[in-house]
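Just need the whole structure built from these sequences, with the hints factored in.
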Amino acid sequence: MTRGLLVISLVGWWLVAAGGLVWGAPDIASSARNEAAANPSPAVGAAAAPAPASAEGDPADVIPRSWLQKPTSVEEAEKQNLVTNERLGSAPVPFGFINARWVEFKGRMQAGDELWEFSSSADSWEHLAGRGGLCIVRQGRIIDCFVTIMN
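Position 51 (the sequence shown) corresponds to 908 in the working numbering; numbering is contiguous.
Honestly, the hints are just simulated from the structure, not real lab data.
Every value quoted in this text rests on a predicted model; they were computed, and no experiment measured them.
There's no promise every hint is true.
No more than 20 Å apart at the CA atoms, straight line, and that leaves these computed lysine to any residue pairs for SDA-like [to be verified]:
1. Lys936 <-> Gly997
2. Lys927 <-> Asp1001
3. Lys927 <-> Phe954
4. Lys936 <-> Arg958
5. Lys936 <-> Ile993
6. Lys936 <-> Gln996
7. Lys936 <-> Phe1003
8. Lys936 <-> Pro949
9. Lys963 <-> Arg995
10. Lys963 <-> Ile993
11. Lys927 <-> Glu971
12. Lys963 <-> Asp1001
13. Lys927 <-> Ser976
14. Lys936 <-> Trp982
15. Lys963 <-> Gly989
16. Lys927 <-> Arg995
17. Lys963 <-> Ser930
18. Lys963 <-> His984
19. Lys963 <-> Leu985
20. Lys936 <-> Gly946
21. Lys927 <-> Asn938
22. Lys963 <-> Gln937
23. Lys936 <-> Phe954
24. Lys963 <-> Trp982
25. Lys927 <-> Met966
26. Lys936 <-> Val950
27. Lys927 <-> Phe1003
28. Lys927 <-> Gln996
29. Lys963 <-> Leu925
30. Lys936 <-> Gln926
31. Lys936 <-> Val960
32. Lys927 <-> His984
33. Lys963 <-> Val931
34. Lys927 <-> Ile993
35. Lys963 <-> Glu933
36. Lys963 <-> Asn1008
37. Lys936 <-> Leu972
38. Lys963 <-> Pro949
Structure representation (structure tokens):
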């Protein structure tokens, strides 16, 4: 039996085991709302007004443009996030225990979309509210996000 530490906070919950972060359910909207308001980012490389948020919330309202670090590819993201764990089998699995969510996320990509790495501000990491991961950018707008790391 694998032992781990269940961590519960105001931003979500996750299980930390010997192999690292096993599963998380972050609510990045609340921790990023103030920064998004201070750094509005309707589009990457554009100054258009943002579209109204949907009922579920608009990723552009949650992930400010200032968090986008660099473009990447699906292949590179999978290569950088391989997880080896006996519970996953003998071969490394991209994004490990959250692979099913990764497959769903990358399945939303369309021709012409860009995949970007993102990381919240240094201040958010210092105050234990840091987030990082990947965003799908379509026609200059962030349309979806996949959180891979948080503190």
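Exercise. Tell me, in ascending order, the numbers of any earlier hints that this structure violates.
Key: Those not satisfied are hints 1, 3, 6, 14, 18, 19, 24, 32, 36.
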